[in-house]
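Student: Please work from the sequences and hints to get the whole structure.
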Amino acid sequence: MKKIVPIKNLKKYAIDKTIKVSEKSIEKTSKISAFLVDTANVFLFLTRVFKNTFSRGFEFKEFLKHCFQIGNKSFALISITGTIIGLVLTIQSRPILIKFGALNMLPNMVAISLIREMGPVITALICAGKIGSSMGAELGSMRVTEQIDALEVSSANPIKYLIVPRVLAATLMIPLLSIFAITMGILGGWIGANIKGDLNFVLYISQAFGKVEFMDLIPAITKTFFFGAVIGLVGCYKGYNAGRGTESVGIAANTAVVTASFLVILVDLIAVQITDLILQ
Amino acid sequence: MIENTTIKPVIDIQNLKISFGSLNVLNDVSLQLKSQENLVVLGKSGTGKSVLIKCIARLLKADQGTITVLGEEVNALKTEDLNEIRKKIGFLFQSGALYDSMTVKENLEFPLRRIKKDLTQSEIDAKVTETLANVGLEDVLNKMPSELSGGMRKRISLARTIIVDPEIMLYDEPTTGLDPITAEEISELINDIQKKYKTASIIITHDMECVRTVADRIIMLKDGDVYKEGSLLEFENSTDSYVSSFFKTKKIQ
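Line by line, the protein sequences are chains A and B.
The numbering used here numbers the first residue of the first sequence as 1 and each following residue consecutively.
The numbering used here numbers the first residue of the second sequence as 1001 and each following residue consecutively.
Be aware that one or more of the hints could be misleading.
Simulated crosslink set (DSBU-like; lysine-lysine; CA at most 35 Å straight-line) [said to hold, decoys possible]:
# : chain 1 : residue 1 : chain 2 : residue 2
1 : A       : Lys-65    : B       : Lys-1117
2 : A       : Lys-31    : B       : Lys-1078
3 : A       : Lys-65    : B       : Lys-1088
4 : A       : Lys-51    : B       : Lys-1088
5 : A       : Lys-65    : B       : Lys-1143
6 : A       : Lys-61    : B       : Lys-1088
7 : B       : Lys-1117  : A       : Lys-73
8 : B       : Lys-1044  : B       : Lys-1195
Worth flagging that the hints you see were computed from the coordinates, not collected in a lab.
Tutor: See the structure below:
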């Protein structure tokens, strides 16, 4: 039932109502402006990273250090995960393929799944968690403890020194880790094929790569460079723009993982659509 | 203590204003730092003291007003020119801001390699050893910052700042979080640096012992404005209740 307001209280009611409405609209406006400011910051950050990537004075030592950290520290994790994915994929697909009488397609199906989708995406998602969070936390704590400010007053360019080597290292190492994950996955598939059957390694490999074409490999590997760039950029952006309190470090690490994982899936979707269009 | 007031100031701030969103941090601050002077900026937490020195190094950009450092208006400078001015400014951060991933030696070498590019490795090594000796820490060269105590970290930060022979030093609460003995040592070190390197310094603090040890002149900030300016003696003899609340000492019977 609609509330009836007595005439003598009408003025006060109108003022209260106006204040409430304007408070709500201010809240909405501030959310919109915050979103616009965030978007502008992202573009500004990307522009600065891009400009500094191609300007003079590349920090090669830092780049190598981060390549080693990203590659070496994710190596064991990617090996085990890749092997397990290949193994599980083989064990899960085997009964269905037997039903269709297509068991000899098993190695080829596992290889194509791993090359086109599973290998790159699983590697990227693991790295989004491992590398994205470590970049977010490391740069976030550098921001909180004023180390980034200290770099600036030492006439060092923080984007050039901290961000560019990390982004480029991630862009280079994630494709290499993906290739490694695919290789380990195919080996895992061979183990899987031999758990319930008996398949010679040479025969398995020849069946696995029998129908793999060059155009299966190129788009798959190309998209991993974008996965790497996205993980590096998101991790660095979240860490570099962390707030001033210690809780900001946790927030930066957490949002880096969530955003990077989501963007990896999004980039994968776009890459698949583009590949589909090109190959048609 | 510096008596000559006719020398051109090394830092000249006029009508500085800065706000974060709706919060006005500095309303209208004007001050000058003379050559080889220790200027203490005093005030309660949250009055914009740290913001003031961050504006001088342009780590924060002021909304209004001018900041002239060694004859250059910092807000109008391009990045390359700003970096040239920054080479002449030493900034001691409140947290020390030592690079966690580097050893003490690498921390000290970092600004040296970027600012004095023509130095050879042996000259760099000699400079690192000399500067560490000046802050009284010669045996921590290969330690990581996490292995050092709070006082040692402060000294190493100070060493990293003075290693490039700055003309101006900006200290952001140099004695905060230290025990009284170490705090006194750091205050003495500030005086030693002033004498040895002939620096002009702005010291942000609310540690009254530090103020008494280092201050040539004091500026007190309140609610984003300059509340009072004068010598240590003038502040100690002030009848103003806000000023005397900082300077009164509690005696325990």
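Student: Each hint: holds or not?
Tutor: Each hint, compared with the structure:
In summary, the hint linking Lys-65(A) to Lys-1117(B) is supported, as the alpha carbons are separated by about 23 Å, within the 35 Å threshold. For the given pair, Lys-31(A) sits about 33 Å from Lys-1078(B) by alpha-carbon distance, which is consistent with the 35 Å threshold. Pair hint Lys-65(A) plus Lys-1088(B) holds up; C-alpha atoms about 31 Å apart against a cutoff of 35 Å. Between Lys-51(A) and Lys-1088(B) the CA atoms are separated by roughly 27 Å; this keeps the pair inside 35 Å, and the hint holds.
With a CA separation close to 20 Å, the supplied pair Lys-65(A) and Lys-1143(B) stays within the 35 Å bound. Taking the CA atoms of Lys-61(A) and Lys-1088(B), the gap is near 27 Å; set against the 35 Å cutoff, the hint holds. Under the criterion of a C-alpha separation no larger than 35 Å, the hint pairing Lys-1117(B) with Lys-73(A) is consistent with the structure, at around 34 Å. Distance check on the hinted pair: Lys-1044(B) and Lys-1195(B) sit about 29 Å apart at the alpha-carbon level, within 35 Å; holds.
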